[in-house]
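**Student:** Take a look at the letters that make up each chain.
Protein chains: 2
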Amino acid sequence: MGPVRLALLAVVALAAAGEAVYIPYNTSAGVVAGKLNVHVVPHTHDDVGWLKTVDQYYVGSNNSIQGACVQNVLDSLIPALLKDENRKFIYVEQAFFQRWWRNQNDMIKDTVKELISSGRLELINGGMCMHDEATVHYIDMIDQTTLGHKFIKEEFGQIPRIGWQIDPFGHSAVQAYLLGAEVGFDAFYFFRIDYQDRDTRKGTKELEVVWRGSKSFGSSADIFAGIFPQNYEPPPGDFYFEVDDDSPVVQDDPLLFDYNVEERVNGFVAAALAQANITRTNHIMFTMGTDFKYQYAESWFRNMDKLIHYVNKDGRINALYSTPSIYTDAKYAANEQWPLKTNDFFPYADNPNAYWTGYFTSRSALKRYVRMMSGYYLAARQLEFFKGKSKLGPTTDYLGDALALAQHHDAVTGTEKQHVANDYAKRLSIGYTRAQELVSTSLACLTELGSKPHCSSPTTKFSQCLLLNVTYCPPSEMDFSKGKSLVVLVYNSLGWKRQDVLRVPVFSDSIVVHDSEGREVESQLLPIASASLNIRDKHVKAYLGTSPGVTPKFWLAFPVSVPPLGFNTYFVSSMKKSASVSSKSTVYSSQGSEYSSLQVGQGNLKLQYNAAGAFSLYSDSKTLIEANFEQKYKYYIGQDGNGSDPQASGAYIFRPNGTVPIKTDSQVPLTVLRGPIVDEVHQQINSWIYQITRVYKGKDYVETEFIVGPIPTDDGNGKEVATEIVTNMATNKTFYTDSSGRDFIKRIRDYRSEWKIEVHQPIAGNYYPVNLGIYVEDGNKELSVLVDRSIGGSSINDGQIELMLHRRLLHDDGRGVAEALNETVCLGNQCEGLIIEGKYYLKIDPQGEGSRWRRTFGQEIYSPLLLAFSEQDGGNWANSHTPKFSAMDPTYSLPDNVALLTLQELEDGSVLLRFAHLYEAGEHKDLSALASVDLKRVFPDKKIGKIVETSLSANQERAAMEKKRLKWKVQGPPADEKVIRGGPVDPSKLVIELGPMEIRTFIVSFERSISGKQLL
Amino acid sequence: MGPVRLALLAVVALAAAGEAVYIPYNTSAGVVAGKLNVHVVPHTHDDVGWLKTVDQYYVGSNNSIQGACVQNVLDSLIPALLKDENRKFIYVEQAFFQRWWRNQNDMIKDTVKELISSGRLELINGGMCMHDEATVHYIDMIDQTTLGHKFIKEEFGQIPRIGWQIDPFGHSAVQAYLLGAEVGFDAFYFFRIDYQDRDTRKGTKELEVVWRGSKSFGSSADIFAGIFPQNYEPPPGDFYFEVDDDSPVVQDDPLLFDYNVEERVNGFVAAALAQANITRTNHIMFTMGTDFKYQYAESWFRNMDKLIHYVNKDGRINALYSTPSIYTDAKYAANEQWPLKTNDFFPYADNPNAYWTGYFTSRSALKRYVRMMSGYYLAARQLEFFKGKSKLGPTTDYLGDALALAQHHDAVTGTEKQHVANDYAKRLSIGYTRAQELVSTSLACLTELGSKPHCSSPTTKFSQCLLLNVTYCPPSEMDFSKGKSLVVLVYNSLGWKRQDVLRVPVFSDSIVVHDSEGREVESQLLPIASASLNIRDKHVKAYLGTSPGVTPKFWLAFPVSVPPLGFNTYFVSSMKKSASVSSKSTVYSSQGSEYSSLQVGQGNLKLQYNAAGAFSLYSDSKTLIEANFEQKYKYYIGQDGNGSDPQASGAYIFRPNGTVPIKTDSQVPLTVLRGPIVDEVHQQINSWIYQITRVYKGKDYVETEFIVGPIPTDDGNGKEVATEIVTNMATNKTFYTDSSGRDFIKRIRDYRSEWKIEVHQPIAGNYYPVNLGIYVEDGNKELSVLVDRSIGGSSINDGQIELMLHRRLLHDDGRGVAEALNETVCLGNQCEGLIIEGKYYLKIDPQGEGSRWRRTFGQEIYSPLLLAFSEQDGGNWANSHTPKFSAMDPTYSLPDNVALLTLQELEDGSVLLRFAHLYEAGEHKDLSALASVDLKRVFPDKKIGKIVETSLSANQERAAMEKKRLKWKVQGPPADEKVIRGGPVDPSKLVIELGPMEIRTFIVSFERSISGKQLL
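Sequences listed follow chains A and B, in order.
Each residue of the first sequence is one higher than the one before, counting from 32 in the working numbering.
Each residue of the second sequence is one higher than the one before, counting from 32 in the working numbering.
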């Protein structure tokens, strides 16, 4: 016999084999006074798309990319929760929950309803996704949250109490006060803040604070904010219990080897004491879960049952199954005064060279698509309401869903894999296609005289041109020679009358435009730049699969005037008589010194170019503003991460490794187009940047269109392209950027207002998200730049503003996406780097006056005029069509400081109505005042039966919410504040008042309607 | 706006979002006549230890080695089965199932009982583990199966119908006929057979056969055997549905993207048609699972539900939830004639250079430990019965459990990781420690005169010496000088009287031995070799943690005679009178040519050595056999797998890369010890092989003890050490090896009896497992070698036999264990290669006579005499102790051809009794006859109240089993066979007849007993 391994362990006392060792675990602990209470919060964090698409995550396909199946999570959760009534779980992402819910039978649904109503399963946060907070627009945040909350309210009668934004990469003030307090949340939990900030807060026990995100609302929108000390995962010490995780399971069967209860209890207690040491009150939270965990929920609960049982038997601390709600109530009950936090948590860095400021621009095309669809969705819902919502016909619902998904913190952020980005785009495209049908039908109904009350199949066919940005619009490219003319119906979703200039591509050079009363409208033909045509050919082929056909020659530009919440109609036709045809632009081509004194602008605003082709003098004859500045391009070389410090620049992280100015090729002539409507300056900046600067006769701002790409990478470098506007303004390190498109927040270079920072990345560490705009001021004037999408921006030097327009990178930045941000467009097998087309708008105002343009014109950028095209044979349109329409009293328009955010018919025929005051308190001397909306004039043809003001997400009455919401105590003296909010709505007067920044949400029921919906 | 990704897929028709898509799957299909029926068999294969220990697998710890948690499997299974009454599952490994069962509360237990009784959960195979079939002894197979079947019967009233040995590395005849047919199984399914055999069978549709494993039993022990066409996993085409698996899930939600029902159905149907193409009848089985799968069972069932639903909707084939039982019944109902298979499926190769014949020897020390414990367990249960089983005192249960686990196909096989091998050894050690206590107590009770009926605390203390193999036995190493003497109680667990020679280490050189009647017994002192003492010092320290103390000088050898099922007592003391002291051996040291004519042997058998030190002449004066042969050592260099063919030699696979003869160092003298009892020849073969050859005066065989190791590896080569016996016998490529220690099967080099083979590995491809022995014959004589453990052996050349004794390898062989088989023993941080100590036995008989020694002496090797030591002060032992005992009638012993395999008291006081005929039909002219056992004389003091014959695993009445068991039709003419089996037992006569190879199992109830157990 070989040597016998007479293990010394042989002497351990073991119970007799065969003996039953069923152990009923006592998990019934609640909060225990006088002990450290560990709130064990089981949760899963399920990205609504990231490495896989949302559907792939749900069904668990494509697991070779990432093992993740949300269906498993929810399926396995139910028996796990039923197994022990003390077990609890929170679920967050409604896009997944709804997918799952509609797959369930009634038995499961009833069970889940019981679990939810008893609080064992709590739906928190409650939007369709856990939206990003940097690159999303507040209107999209509201919409996607409303969508999720509505479902929760309708199916379960529940109102989420807790904000749970645990993963987004930094946190916005708007999230805290608007999507937090104004939604009715009692608390808001998250994790990603600057590592230096976190370290400081640990030392001062300031990870839990009261966050006052709104200057305008002050303490009335305070919210309790809890920042996790480490991450949103279980505490240190190996407490991961997913199937196949390698944390030691709690082995408490005395008949088996490796019994480890004492060791595991000690580890748990140690983790708790460590966390208690940086936390106020005797309540701490253990976030028991992480990305896509609980695929087999029992595996977690089994171990948590044991931990709670044995930890409480041990007695040093008290562990309990909890939820963030229970935790919040315990925190509140402690009656503590909390440190105050204002402003926001941007930018986010997780180590000295890792500022997550790249994603402010990543996938700039997707960001624009999302923004464009957002504005379209707003308009389409108005038209859906006017027509009457139909379950049969096309609706805006799919677009709403697609937009909701796109707000996810790995969607519009650009931090998802390419195939997932494609999935978001596909969904938007489907949603747009359906909404477009609805819009066309609704416009046809509204315009057709004598159309039936519930109009569903009008004879007029409208089409729309989503691809106008690549100079493609089949309806306007028609042949006018055969007597047909183009009907352009222009819809304005804003609540005020609007003057604007339209542009559509046309073939003919002899065109005449008429308005709806038959008057000729002055128009201008601008030769289409070959840069635009190149894009057109390639992208129409790439995206539609067909060649675009004959190439149009001109942009036809003409001014339009559209009533609020309504439309006007214009007619474009061919006209041989030279007198009345549209003016062809005069075209100059200047080169080198020739354009040293070139000046454009037919109205108040004039731009004068210097020798280098960067314009140098801005002058506004109305405001008398004169300012010199230079506008130019540069790129940052993306750090490749190959050196000793492996941090590359990537989808998340901006880490420049040198700045390269882009010199304009002086050999390429600058082209100037002049005409009665607009002057354009075309510049081929280099072989892959084209720029058109426009000054409209009737507008006092500069519009700059940029076409950037394909960014070359044949030198092996990723590049991040920025444009900058350089002035000599003394801006003292200070600039302002918006928070999620709403409040402007003061930024100071290399400085954070509430904590001491050492910035190791002087460029990346000063970038901020720009959704609406960025501005600087010098006490004398304000330089504002507004954007057409979410984008990263900064003021890297005094007097300077820069915007990052496009990023193409060759390395992954190590935050999980595992792909370089290297977007391409392919024709067959031929792929080229993606080209970005976009616009920004620039204006210089006297100090104190900039906000009016930023706010009012900013709203117009968000809500561009909606164009629908038809054609007529001869001039008979007016015989059978209403050419002009406003839903409002024709003599009424909303005040300049109020926007209609939502007008949406709900399933029950009631209407969701949301108005927003556009100005902050003190922002503008006149426009920051209390505003009011006369609902009777907004709905002149309808009688409002009932109006209920609700929380921002429309899931509870506002009054009840205010009564219920926890009021938190703040350290220090009470704030000296004067908050203006509108008063209650008198049902007889029906006037809605709005204080600065106020957004008020209502559910309105109409008693009768001229639209005849009630006939259904 | 950037280019819009207007995906063309946008036009796919999708149901409206929000619509419920709950789909009730129709999984109710049964077998459908006229269609191809796909039996979908959900299963998991849970190794009872491999990369992790059995307990680690159960609780899911140590997941960094392998993500596996059986508790998850069984926990998640229950809700999954409850979800749909058509879902089915089989569970196999009772070691896991029992661990789980005792953790459950009554509610779950009731649920599971219902699931089992309704057939939705079926327990098949049913042993504690899925035992190996090459390196296990049939008694261990029976014991571990009985243990599992007992639990299943008692808890659930179920009798497993199906053998399910899907993973063991080749399959034995004994498994088929004994652990298959004789257990009552209707069919037996497995997968691992030689790849060439499989390929052939695919072509001829002979993967499903009737296996007739026993020549003696013939068709009476036929069983239906199904060999899987590919593996035991789902069919080709990605049908793995474990959490995180990357097979495409069945995506049938029309609201989500990537709907793939058609594609998945087509894949399923294609897989089915392919398998149908190589299978008889219109039934095929899909084994839906693999190692440690179903950790979240719902993940599999969800997808299988869909597959069954949509495949049946498709209609080309019929898919149904099934079990191997249902499948077997369907096969049987087809009323087909099946091809016949005899012999076995060894050796197993999965490709040309990968013969799984290394594991026949891997972990040779563990193999010996298991075999030693097996024999001890048999004896201990007898003594437990004699004493009366007590729930309070120590029992043999733990040893039984430990042994059961050790039979697993990654346990005794040596194919587990080192830490897992340690775990098996630890369990055996604990089991042995407990059983030893029980044995000591029982022997004390039996020997103490007037001890109380239910004897639990006798005053006599016995101790035992498990470490005798390393020359360590504290009780015998006592100091006799102070008048104390050593009491040696010798227990014989065999049913026949036994003469043997004992050996114990002693200090003194003046020793006298007396028998129980006070007569002096001739004895012999043999100086202990320094090789043995080196091993002693090191291993006692390594395994007990203490130094062994003063070193004994001699082995004391003396003959003993012990009654059947009983004991005798011997007394060893010091004696100054030189007349009667034990003879000191005369010691010669011969070197080189000196021992050219050296002869040893005092009895009939003499060995004569040649000049090289390898003995050359064997002569037996009784049988007149004379034969020349050489005995020598060699090693194979283990292929390192570094070349172009990456297959290394490893724990599983034997792949020699050259043979190196081991030359005896002619400088080292050969030492001869002679004396009245035994002659020994000591040879230091090389620096790491020591050999002692013994010829006992009263025995006609050669005993060879080998000490091999540490195998040096400093040349970078792994080595596999074999010993060989070379004769000039003309054996015509033929040799015989046992099947699991029972039937001998004829082997022919480079040939398989039922299929055409091309052997690419001429050595490895001819290795077979040896549990009992191996022999060759030339028509004139038989050369037999018997072994003390499971070992690999062959006859590589005519007239030759070789045994692989020890393997030390430096590379993993790529079959999953991911460790080189490089066993070491450590003292502190000092580790050396493991040393193997063992014995083999050799005899040459006239043709036709070898079987008697092989069978009868083979049984004695399996059941060595059990020694218990005590001491007496003076000569008063006999006053208070019975020195001699037999449980049987003193005038009775079992026939030479019958062994008592099991005598074990069960919980209810009844007794499990098992007798085995030791000879095959025709094996021996006299001993292959019908034998009979007179039970009344076996139990002379007890009255048998009831005797029921059962199946081999004792879980059903034999008669019922025979009636129930399916009889399968075989192709071709009926066999011409004459099967002899014992007749029914007449309860009045109580004589048990046994035909050749027959094993009969009984449950016996005694009406009264002299042991007084009934008084409890």
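Watch out, some of these pointers could steer you wrong.
When chains are identical, the list treats them as one kind, so a pair holds in a single copy or across two.
Claimed, not checked - In silico BS3-like cross-links for lysine-lysine, where the CA-CA straight-line distance does not exceed 25 Å: (1) 637 - 114; (2) 140 - 114; (3) 144 - 114; (4) 337 - 140; (5) 420 - 977; (6) 140 - 184; (7) 344 - 569; (8) 337 - 584; (9) 492 - 1009; (10) 870 - 998; (11) 114 - 528; (12) 422 - 114; (13) 344 - 457.
Keep in mind that the hints were calculated from the coordinates and are not lab data.
Predicted model, so just to flag it, every value in this text is computed and none were measured.
**Student:** Against this structure, judge whether each hint is valid.
**Tutor:** Hint check results:
For the homomeric pair residue 637 and residue 114, neither the shortest alpha-carbon distance inside one copy (74 Å) nor that between copies (75 Å) is at most 25 Å. In this homomeric assembly, residue 140 and residue 114 come within 25 Å of each other (Cα to Cα) both inside a single copy, at 17 Å, and across copies, at 14 Å. With identical chains, the CA atoms of residue 144 and residue 114 are at most 25 Å apart both within one copy (16 Å) and between copies (19 Å). For the homomeric pair residue 337 and residue 140, the shortest alpha-carbon distance between copies (21 Å) is at most 25 Å, but the shortest distance inside one copy (29 Å) is not.
Only within a single protomer do residue 420 and residue 977 lie at most 25 Å apart by alpha-carbon distance; the minimum there is 19 Å, versus 85 Å between protomers. When the C-alpha separation of residue 140 and residue 184 is checked against a cutoff of 25 Å, the pair qualifies only within one copy, where the shortest distance is 15 Å, while the shortest distance between copies is 39 Å. For the homomeric pair residue 344 and residue 569, neither the shortest alpha-carbon distance inside one copy (70 Å) nor that between copies (45 Å) is at most 25 Å. Taking identical chains as interchangeable, the C-alpha atoms of residue 337 and residue 584 are never at most 25 Å apart, the minima being 75 Å within one chain and 56 Å between chains.
When the C-alpha separation of residue 492 and residue 1009 is checked against a cutoff of 25 Å, the pair qualifies neither within a copy, at 53 Å, nor between copies, at 94 Å. Taking the shortest alpha-carbon separations for residue 870 and residue 998, neither the intra-copy value of 44 Å nor the inter-copy value of 85 Å comes in at or below 25 Å. Proximity of residue 114 and residue 528 under a CA criterion of 25 Å is satisfied in neither setting, with 61 Å inside one chain copy and 61 Å between copies. In this assembly of identical chains, the alpha carbons of residue 422 and residue 114 never lie at most 25 Å apart, being 40 Å within a copy and 34 Å across copies at closest.
Taking CA atoms no more than 25 Å apart as the test, residue 344 paired with residue 457 passes in neither setting, with 54 Å inside one copy and 31 Å between copies.
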